[in-house]
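Engineer: Chains as they are written, first to last, in the numbering used here: chain A, 26 to 506; chain B, 1324 to 1744; chain C, 140 to 529; chain D, 4 to 149.
Accuracy of the hints is not assured; some may be wrong.
[To be verified] Straight-line alpha carbon distances no greater than 27 Å define the calculated DSSO-like cross-link-like pairs of lysine-lysine that follow:
hint: 1; chain 1: A; residue 1: Lys216; chain 2: A; residue 2: Lys234
hint: 2; chain 1: D; residue 1: Lys56; chain 2: B; residue 2: Lys1737
hint: 3; chain 1: B; residue 1: Lys1633; chain 2: D; residue 2: Lys56
[Claimed, not checked] Covered by chain A, according to a simulated footprint, are these stretches of chain D (three or more residues, beta-carbon under 8 Å):
hint: 4; region: 83-93
hint: 5; region: 141-149
Everything labelled a hint here was simulated from the structure, so no lab data went into it.
Small disclaimer: the values here were computed from a predicted structure and weren't measured.
C-beta atoms are modelled at their ideal positions from N, C-alpha and C, and glycine is treated no differently.
Residue strings, one per chain:
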Amino acid sequence: MCIRQCAFEGHSYDPEKNEVISKEDVCVGCHRCVTLCPTNALTIRQTPLDFRANANWTARAIRDIIKQSETGGVLLTGMGNDRPYPIYWDHLLINASQVTNPSIDPLREPMELRTYLGRKPERLELDGNGGNYRPKEPLPPQLKLETPILFSAMSYGAISYNACESLARSAHALGIYYNTGEGGLHPNLYKYGKNTIVQVASGRFGVHKEYLDAAAAIEIKIGQGAKPGIGGHLPGEKVVEDISKTRMIPKGTDALSPAPQHDIYSIEDLRMLIYALKEATQYTKPISVKIAAVHNSAAIASGMVRAGADIIALDGFRGGTGAAPTVIRDNVGIPIELALASVDQRLRDEGIRHQASIVVAGGFRNSADIFKAIALGADAVYIGTSALIAMGCHVCQKCYTGNCNWGIATQDPYLEKRLNPDIATERLINLIHAWSHEIKEMLGGMGINAVESLRGNRLALRGIGLTDTELDILKVLPAGR
Amino acid sequence: MGIVIIGNSASAVGAVEAIRKVDRSLSITIISDEPHSVYSRPLISYLLSGELRPQQIFYRSKNFYEKNRVRSLLGRCAIHVDFKKKAVQLDNDERISYDRLLIATGGKPFLPKIEGLHTPGVYTFTKLEDANRILSILKEVQKAVVIGGGLIGLKAAEALNKRKVEVTVLELADRILSLTMDSTASSILEKALRKEGVHLITSNTVEAILGNGRVESVRLADGKVLNGQLVIVAIGVSPNVEIFKGTPLKVEKGIVVNERMETNIPDVFAAGDVVETYDKILKCYRTIPIWPNAYLQGKVAGYQMSGEEKYRYDGGFMMNSIQVAHIPTISVGLTNPPSEDGFQVMKKFDRGSGIYRKIILKDDLIVGAILAGQIDRAGIMTGLLRDMVNVKGFKKELLNDQFGFVSLPKSLRKERLLNIK
Amino acid sequence: MRPTKPWFEKDISGCSLTGFISEDGKRVSGEAIIQSIALMNERSNGLGGGFAGYGIYPEMKDLYAFHLMFDNTLAKEETERILNELLFVELQEKIPTRKTNGIHHPPLLMRYFTKVDENKLFELEISEEDYIVETVMKINARVKGAYVFSSGKNMGTFKAVGFPDDVGKFYRLEEYQGCTWIAHGRFPTNTPGWWGGAHPFTLLDFAVVHNGEISSYGINKRYLEMFGYECTLMTDTEVMAYLFDLLWRRHRLPIEVVCMALASPTWTEIDHYDGTMELAKAVRTVYGSALVNGPFAILLGHKKGLIGLNDRIKLRPLVAARKGNTLYIASEESGIREICPTPEKLWAPKAGEPIMGWLKEEYQSEFELPRTRISDRERSEPVYSVSGVY
Amino acid sequence: MKRIFVKEEVCIGCRLCEIHCVVEHSKSKNIIKAFKDENPRILPRIFVEEKGKVSFGLQCRHCEEPYCLEACMSGALYKDEKTGAVLHNREQCVGCWMCVMVCPYGVIRRDLNEKKIASKCDLCLGKEIPVCVARCPNEALEYREV
């Protein structure tokens, strides 16, 4: 059992001794064998063997050097930044009403999470009079979300077809959206177009008219939180028949996404691409622009809005990836909490906050994180890693090997089968239902019955264990005040 | 409305069970010259060997007749059928009239012209009595001779061997099971049987049975003499159609029936070893005296007689499963194709394990197969043959020991697995 | 006098409100409103009371009447410098008051009747109202110890720390004649009452009295700040006044559309009536940040009339009544019956459904305004009808 | 009646169905004992066919008109009136392998440990859901009406 299940060949049978032996050095700790062992005979522990304690020369630092001195190569990794940087969500506390303002029971009273993403006019102009007013002109295209959560960009190629199908089906069932990433859109998934955000990235894989038309919205990918300023690289062995078709590249060739979009070297260029895409789709779809959260995100965001972006997607440095150089993932970019706070404030200072919705991404772990993000000013939240975990991922961070034992980050037909789309879809739906319900409970607790009254309502938050500077950036009061 | 069945074995049972699926009220009468309620003839060899307790012979529930509301006339022999008056004449002058009649009289052992054939101690081996009689004298038997190296002969021989009787099997042909097996398979079994202590003599036969008042020995064609206190004659069976000689009932080698199992006479049906039917593989009409066909034909006749017309019998083919000397062998369809073109034969024989696979193809259809030693999943082969499935795509897989549905193309696999028979 | 707190603290209040309007424009003295609010003293705790009257300065009706309170003469001088610099001050005087038990250490209370210099507007290319708003914001935000608590034409706000009836006495309201009156008795629980903290809150001719708590204050405030409003008064109620000013005056939305934005119908309702609710959908989509969430009942006085509004699920009391040309709205039926014992019609408005009274001639001259809300909310039925016929 | 169907697209070839089948039909019904102590170890009545990436579990289809039942000359095979399941009486079986010869699915097998007794799926007699279906980690087996 364990032997067949481990794609890293961590277990093997020794006929002489007639027993199964395990190799700890190749074990990635994905728990596949543990979960499937019918006798619960397996457990996985950190190997006690370690280097002499040294605060500076940690085991990780030493091992990395050894590995690189052997290979001379860049260290690769998967998933999001795993270093112990401060997680600001854990330093923000949520308010609740007592006595003077009745809290609301979401099971009894209306409790509204519906959210519309897209550019909104500063003011509504009306026609008509007495009893039947109607908007002078229709609103710009909006994305309707039944709950302010979306599935982040994960490309077909980085993840398996079954994983893509599961995301699409659950987004469809939930009335939310999933994002194709830059891997193109598999023909079978066109039928979920109404719940699909298609990405146009530097590699331009699988981008064509039908692709754009099929989608509910288009996202221009400038950067990714896990690897700001770095392109993508899908190794040739992952480019199997279907993927080569979908991405429109020869089978078996590496799929390389350049670091920059070579037709975007400046904000004017971005504007041109945005309007090119709007033209191509007759202004029927909102255009999103995704950037990694970096030091001057606020200024960039303001520029993006003025360049015509209807949705700003901000990806924090804890955002996941199928493969990225470890050094980049762990050291480049800033936390989404701070980026969000400054971007939202900047757009308000400039009086253009209504011109674009803000969607944030990057390591959202639970409904509270999402709730706090909305209170800081986000319109909605992209979840990637937590969606993968719902599908079965155990965050072993070996996505880049293509040997995902859970059938998610792999194209190996043998492994891919391990992800049953029926099960994964159901689990994703469960997760979003659960989180939505928790968000409703928290809203109700604050005596609020519509999410728009939480959006940007930073009085709903109090900081704990934060410096005055951090409080000032987040524009929240310290707990107790 | 009354149905009368002459015969009490596979076909009869198949018919009764089919009729009762359709109709509880129809009256059914079974006439059998044997005094026993429903039992399974093939089991007598296991009775002889002692592997089965006597009552286990009765392979349907004790109350088979009551349960199926059947009137049984056991130990009664039908001596004549008056097709005009629609009545069966019994040996005790009783006349049983019928609305519909099923003739399932089966086969009777074929008896060669051998002098002394009627000496006490010579038996055939098809009925329960045969087994019982042999058992009754078994203690005086040290040596026995079995005439006929076919299925029945070998099972009998093996049974006796199990009873510590020294057995010699005589086969006219140059090898045993010459009808169902090919030379390779035969030699595998011969080797095994000899190892078990069974003597085999081929290309030879009995000329005379000697002994006064009692079998003492047999003289062979080549003059050799074998001692023995028991002789079993098992050189095959022929349709049991005596009583229909000189009647309007159309009989060739066996009774002629159509695919509704109707004879040439209205309301008269026939099934089992007594009929000749279409052989799907040899593409001719012949008797195929094997159990599954007998039951199936009986079932079809039963449905037809009770007005359930959709069931037909579109023909069958020879197939046999026999395990002697612990070696299971299965042979299906045409196992010794005529040498002329059009047939493709694929073989695989592993002397070490004694595992033998042989597949005979014609126009990419399986027409025959022999499996020895390793027979698991042979049924898949039979199924492909039965349904005439084109195997062009996966021919070479057929010889693979691991052959299974996984070897089939996905579409075919799904079709065969998801549509349950 | 004004607590100098660095941070906003919610004005968590029980509070009583009452108000009435004579739609025929008939002006009545302030006694009635005092009588009505006094009856509901139970709902307040003596930490604040206030009134607003409309049509009380007929002879000055074209001038903006600034009511100000000063901590000290320094603030007064500084403010007057600004006023004189930005506006023509036609008349300035102390607001007449009388010594009253229960009203302690009043600040300097002044009123200035002013008008705007067209040339300035021409230079700045902004409307007269916006200019006034900027002036008010400037004084409130910049001048320490000065606070403009009334800035409309032909109307005035009077408020203080104390029980409402004392406040009324203190300001000698019986001497004023108004066609529309609103009043408020305050019950702050965790802010020391200060004079400015009392209701009504005003901007131009908008005066709001409010019972409840605005849980969405955080976002309403940030939304308003995008349009240059500065929320300096340390209480959630002021956003109400500003939201009305922004949506009604500046965005020119019909008043019931404004109310729809502040207390929107639920998505379920909107979906259910989709098509007919296109407007509601657009309003929610565009004005989500103006949705006032949490429990509230408010009265809004304005130059054209009187509006009462409840939050979208009615978590605070509000009762309305009619007799002849007069519309009464109050926290409690008793408050109405105190001054109108036998109303022709008395009802409890539905959640989010505005009750509106209009001064006839204004009403005619202004854009067509139906009495019915565009929303699908079922019309409210009289819960009680004296004499059964009307 | 309800039957077991396989979705080969999501069968991961882990063979847990076989393991749990053995346990269910073992004397102890305890996985450790069933595999370590109980000798001879019984055969699973479901078995996973596998070739390259394709794999799927297969067991008796419980036909409406079962060939095996027609061919059985020992009366060991019978159809349960209520469930319609094709069941097998070990006592009566003599191991003539007629069933093996005719079963088009090849799902009746000789159980060499228990000499001659053919082994086949019994839908886990009376169980709400057969163990192979219940224990399949990827829901590759479903138990549903035909």
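Engineer: For each hint, tell me whether it holds in the structure or not.
Structural biologist: Here's how the hints hold up against the structure:
1. A:Lys216 x A:Lys234: The given pair, whose Cα atoms are some 16 Å apart, holds under the 27 Å limit.
2. D:Lys56 x B:Lys1737: Roughly 16 Å between the alpha carbons, so the hint for D:Lys56 and B:Lys1737 holds.
3. B:Lys1633 x D:Lys56: violated, 42 Å
4. 83-93: violated (count 0)
5. 141-149: holds (count 3)
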